[in-house]
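Numbering follows full-length UniProt numbering, with no gaps: position 53 of the sequence shown is 53.
Please keep in mind that the hints were generated in silico from the structure rather than gathered at the bench.
Using N, Cα and C, we set each Cβ at its ideal position, and we do this for glycine too.
Any given hint could be a false lead.
So the derived label-pair ranges between C-beta atoms look like this [to be verified]:
(1) Y221 to E157: 17 to 25 Å
(2) A75 to P168: 33 to 41 Å
(3) K92 to G240: 22 to 30 Å
(4) D268 to K87: 27 to 35 Å
(5) S53 to V234: 49 to 57 Å
(6) P207 to N100: 26 to 34 Å
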Amino acid sequence: MSEAARSLLQRWGASFRRGTDFDSWGQLVEAIDEYQILARHLQKEAQSQHNNSEFTEDQKKTIAKIATCLELRSAALQSTQSQEEFKLEDLKKLEPILKNILTYNKEFPFDVQPVPLRKILAPGEEENLEFEEDDDEGGAGAGSPDSFPARVPGATEGTLLPRLPSEPGMTLLTIKIEKIGLKDAGQCIDPYITVSVKDLNGIDLTPVQDTPVASRKEDTYVHFNVDIEIQKHVEKLTKGAAIFFEFKHYKPKKRFTSTKCFAFMEMDEIKHGAIVIELYQPECLV
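Take the sequences, apply the hints, and build the full model.
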């Protein structure tokens with residue numbers, strides 16, 4: 001086994017274990033993110049050219065099927081249906097196959113087919129650019145102009161929604177986003193924040209809203225100063241719901257908009273007045 005293959009398998013294995021650990025602990029949002037990030041990397045390897053891969057064509061087919069299973073588990077965590085789910089115990093059966101992919105020669109345990117390469121980045125995935133190959137040359141691949149829709153530079157519109165009508169005994173929630181602190185704030189192009197309200201299974205409870213592009217960048221801060229009207233009364237939100245904030249910016253070289261980091265607030269953290277919340281970058285394969 002080459003050193004490159006050994007390193008790759010170690011990183012894949014660590015990501016797989018992080019995902020299943022999150023899954024078993026009930027941290028479903030984190031599990032979904034981890035599964036989707038790993039699935040995309042496996043898909044990319046499975047579709048790489050022979051002379052650029054550490055794996056045989058048969059091994060790449062197995063890798064692609066593991067990616068499909070990760071996608072199926074991710075979809076199951078986001079689904080409200082209880083039938084035909086791909087279960088965690090099923091997914092765990094694939095860990096030794098991935099670990100021993102270079103010597104695995106048995107029939108794959110599940111009847112699945114490879115899925116197309118993901119074209120939407122999971123939160124935090126752009127932080128792993130060092131792990132991705134440079135696709136500036138050659139055919140369409142992850143990050144190439146043909147695989148990602150071009151974004152119009154300078155677009156400033158958001159998708160913010162108006163305040164809901166008042167109802168007796170019901171509480172409306174307005175969140176004002178003032179600024180975000182980042183060490184490379186000045187390098188972010190057309191930054192904006194996507195706001196969503198999700199339940200414990202990662203299902204959106206309200207329409208997703210995007211802020212307009214930031215009003216200004218100053219030192220290590222990106223300023224927004226914008227109000228977000230949550231589109232459901234507080235009393236109608238399910239137990240365990242949380243509000244997520246994904247900071248996104250445009251990557252001109254790759255021609256896509258990517259999530260750089262995110263933050264979230266659980267309902268018991270909401271209060272009148274200013275609050276500072278922590279930023280997160282999901283574990284990646286670096």
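Hints versus structure:
The supplied range of 17 to 25 Å is met by Y221 and E157, whose beta-carbon atoms lie about 22 Å from each other. At about 39 Å, the beta-carbon gap between A75 and P168 stays in the expected band of 33 to 41 Å. Roughly 25 Å separates the CB atoms of K92 and G240, a value that falls within the hinted 22 to 30 Å. For D268 paired with K87, a C-beta distance near 31 Å keeps the hint of 27 to 35 Å intact.
At about 51 Å, the CB distance of S53 to V234 agrees with the hint of 49 to 57 Å. For P207 and N100, the hinted distance range of 26 to 34 Å is not satisfied, since their beta carbons lie about 45 Å from each other.
Of the hints listed earlier, the one the structure fails to meet is number 6.
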